[in-house]
Structures are given as structure tokens and as C-alpha cells.
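Colleague: Here the protein sequences come in this chain order: A and B.
Quick note on our numbering: the first sequence kicks off at 1 and runs consecutively.
Quick note on our numbering: the second sequence kicks off at 103 and runs consecutively.
Don't take every hint at face value.
[Stated by the list, open to error] To give an idea of the interface, some chain B residues facing chain A are shown, with a C-beta separation under 7 Å as derived from the structure:
id	residue
1	157
2	241
3	245
4	246
[Unchecked claim] Straight-line distance between alpha carbons at most 27 Å, and here's what the computed DSSO-like set of lysine-lysine pairs gives:
id	chain 1	residue 1	chain 2	residue 2
5	A	62	B	472
6	B	385	B	462
7	A	77	B	285
Keep in mind the hints are simulated off the structure, nothing from the lab.
For each residue, glycine too, the CB sits at the ideal point set by N, CA and C.
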Amino acid sequence: MKKLILIAAILTSGLFAQVDEKVEVPYVAFPIKMGQGFDAIQIHCLMCHSFGYITNQGRQSKKFWRGKVDKMIVHFKAPMDEAAAKATTAYLFEHYGNGKLK
Amino acid sequence: MERRDFFKKAAVVAGAAAVGTSTSEAGTTVQPIDNRKVSPVAFPEKRPLIMYSDRPPLLETPRDVFTSVLTPNDQFFVRWHMPDIPTYIDPDKFTISVNGLVKKELMISLTDLKTKFEQVEFTAVLQCGGNSRSAFTPIAGGIQWGSGAMGCARWKGVRLKDILDKAGLQKDAKWIGFNGSEKAAYYETPNFIRELELTELDDNVILAYEMNGEDLPYLNGYPLRLILPGYYSDSWVKMLSNITVTNEYKHLFFMDVAYRVPDNETESETPEKKFPKTKPIKKMNVKSIIGYPLNGDKLSLKSHTVVRGVAFDDGHGIEAVMVSTDAGKTWGKALLDDGSLGRYAYRAFRFSFKPNDLGKVVIMAKAINKLGEEQPLSKDILWNHGGYKYNGIDEVTVEVV
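Bound-form chain A, shown alone (with noise of 0.2 Å):
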């Protein structure tokens, strides 16, 4: 009988997470080399993703980071202008750029 009730007690009691508060994500500061169109990133990179998400990217190409940037306004919808993708593709390539144009 005992058993019984214990059972029908776990079965109403609900269900207990491991963590049952919320998460806390910590907020890491990234290094980030400053310069000429490091306006533009704060503005319109760091809304989305941190500046990690940026230069452990690699070197990259002029045309890979205009590509990113690209995809940022086609895909994911980033409000940005084309002076705002010239400004962030031009700090993008002369701080995290492999020199290479394509």
C-alpha cells in the first residue's frame, strides 16, 4: 500500500530539472583589433553574435567577408545599407584579411 501511494506520488509530482532556474550564459569579452569602420561591427555585427564569432573565422579573402557579410543582409535579415556592407567588409578585411582580394 505504502509503494502505492509512493508511486502515485512521484507520478503527480511533476517533473524536477537539473538546473530549475535560469541559465546563466557567461559574457565573454573577445579581443578585437580597433580601427577605421569599428563603428559599423559594433553597430551591426554584435547584435547577433559576438566577436568571436568573427575572427575565429580565420584570414580571410575580401570577397569571403563581403560574402559574409552578404549573407547577413540576404539571409539573416541584418537592416544594414550598402555603406554600412562597404564599411564592415573594408575593417573586416584590413584587420582579419589574408591580404588575398578573392
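Assemble the complex: chain A is given as a structure, and chain B must be docked to it using the hints.
Modeller: For chain B alone, coordinates are given in the frame of chain A:
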């Protein structure tokens, strides 16, 4: 300086992984970057791991974990796409919706899932399609993962088929869309949705709420994720919230643009001439990783060393793992574990090695599956723009002292 030169000091600053640099000749695939240290920052329910981004969280498992068949939950890699991940989900209120071309729409609670369906549990490898991307030259687009965007766990949950049976599929049902709960910063950004054709779904596809006997960690998709054994992890939707049955394929970013390789025999292309037609990465190729020793380790002369690691494929099963301790000149058969965790799990291998000479030793591991497919040398792996599906023969270089 070549990036495979592990003796160079790892350029790791403030928890950020080093920017990959390569002086290798264009087009030659090398060993993935292996000099990154774990970050001092621990994420929720995780030990400190190699970190690439905090938002969305991108965490990699260090190599030394790959001596065991099961990857501990707190060391299991993490990869999200959107900045906004729900950080609290009430298990008593959570429901998964099943809708679209079904006879009866369902809202299933976690309790119902755990009590009103047959419970199944099996072990399967989860690997990001971009795992080891840093091996490609020129640098392929995407996070420059080392070899640790993978893990193997015991998953417990309910068969997708049983859930669809309960809802009842309408006659013209053809595609199943899976929607995760991560959210973008902008309303217009597409959701992370994957679509699978009904014909691809078998009894092994489950919705899992448990990982290695515990709740899924938040960062691995609490409270429910899709398990698709044999497939790369882009299809294993996390924090699953909705299942929609449709009769036609919807064109979605994460299906049509991301996670695709050239649709030709070698799945390759050149940076100058990209192949116009692409296909989804889908099933994993045969691969193995050495978990011990590590690059740069010092071994004592004449002291027996047991080389350990894990091997896997897409479920055909591992036939053998060959190990070389002379940079590939000669190979010996490693011992495999009993394989009792099933064909989708890692097979642990071990190989006894007595270092008889002083100096550097290159240890290599090559897995062969039951179809006879074997890992190529890294230099023979051809390039693709997304840096997907690297499965080169793994190498570690140690020094006998």
C-alpha cells in the same frame, strides 16, 4: 611557421581561440589545429572547454576526452546558430506540438512523453559537419574547429514514428519540419528549422530528453532534441518545440544554403571554381581520433604506452582501426572494444607501443568500416567551400625522452 608545429606556444588570449594561420601550399589539406587550450570560463552545466564564441555559444571538447566511448555531458561540444537561447524552460509546462498534415494535432507534455510512449535508449555519435574544418587550405568558411566538435552519448526518448503514428499522417504527408526554440535578434531572421523526408526516418530516429542518464544540458538542447543516428548534427534539432508535417519542401536557409557540399563524386571544388550544384551533408564518413597520447607529450624511453582513441562511421560499423608509430611506414591492428553499445556508437581502440628510440615519433590512426571504406591521408582530402566532412587519418607527434 606551420600550424601543425604544435611546439609553438599556443596563441590563446583571454579565452579566445587562436586565429588559424597557415603557410601551407594552397589546396593541401593538413591536420586540424590542435594547439588550443580550454577557456578559463565555464558555461552552464559544462566544465571549461575550448571556446570560440559566447553568443551564440560555441564550445569544443578537448582531444584527451576521446579515449572513452561515452563523452561526459559536461564535456560535450556545443554549437548554436542564434543569439537568443531560452535560458529557462519549465519541465512541467513544456509541450511539443505536432501539427500540419496530421489527423489529430498533438500537444505532448514531458510527462506524457515519458509515460505514455514506449521508451527507447541507444548510444550514438553526434558530430558537427564542420568538425576539423581548420584542416582545409585555403581556410574554408566557418568556425575553425579542431577535432572536438563531436561526442558520443546514450540517448533516451521516444521514437518519432510512435509520435507520428499517434497523430496519424494524412495521405499526402511527405516532409517533416523540426523547429528549435533558439531565436534571432531580428524578427525577420529565419528560424532554425530542418526538414526531413518521411522516407529518411526510421525507428532509430527519436526525440530524446535524456543524455547519459541525465537531463539534457541546456546547451545540448534541454528539454528535448532530435536524435538522428548516422547523420551530422545539423539535423539533430535542439530544444525542439514543434513538428510540422507538410506535403512540400519549404525552401529554408538552413536547408538550402548552409551545411552543403558540392554535388559531385568527390564532393570537392576549388576556391577559384566552385561547383554550382550542392547537396546536404547528411551522413557521416568513417573517422577516428587519437585521445592519448597528445601532441607534444613526452614519453619515456622503453616504457610501454597504450595509444587510445575512438572510431566511428554512419552506422555501418567499424571493421578495424590501424595504428602506425612510424609516420605511416608500417601499420598494426589496434584492439577494439566489444562494440556492445551498438553500431552508431564510438568504438574505443587501443594499441600497445614501446618507444625504443629517442626523439620525435608520429603516431597515426586509420579507421576502416564494414563497407571497406577507410580514412584517407589528410593531404589527399579535397577542398570544399564550407570545410565539411574532413576525415583525414589522425596524427599526433610525441617526443621520446
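Colleague: Please go over all the hints and tell whether each is borne out by the structure.
Modeller: A quick look at each hint next to the structure:
{"no.": "1", "hint": "157", "verdict": "holds, 5 Å"}
{"no.": "2", "hint": "241", "verdict": "holds, 4 Å"}
{"no.": "3", "hint": "245", "verdict": "holds, 5 Å"}
{"no.": "4", "hint": "246", "verdict": "holds, 5 Å"}
{"no.": "5", "hint": "A:62 <-> B:472", "verdict": "violated, 44 Å"}
{"no.": "6", "hint": "B:385 <-> B:462", "verdict": "violated, 36 Å"}
{"no.": "7", "hint": "A:77 <-> B:285", "verdict": "holds, 13 Å"}
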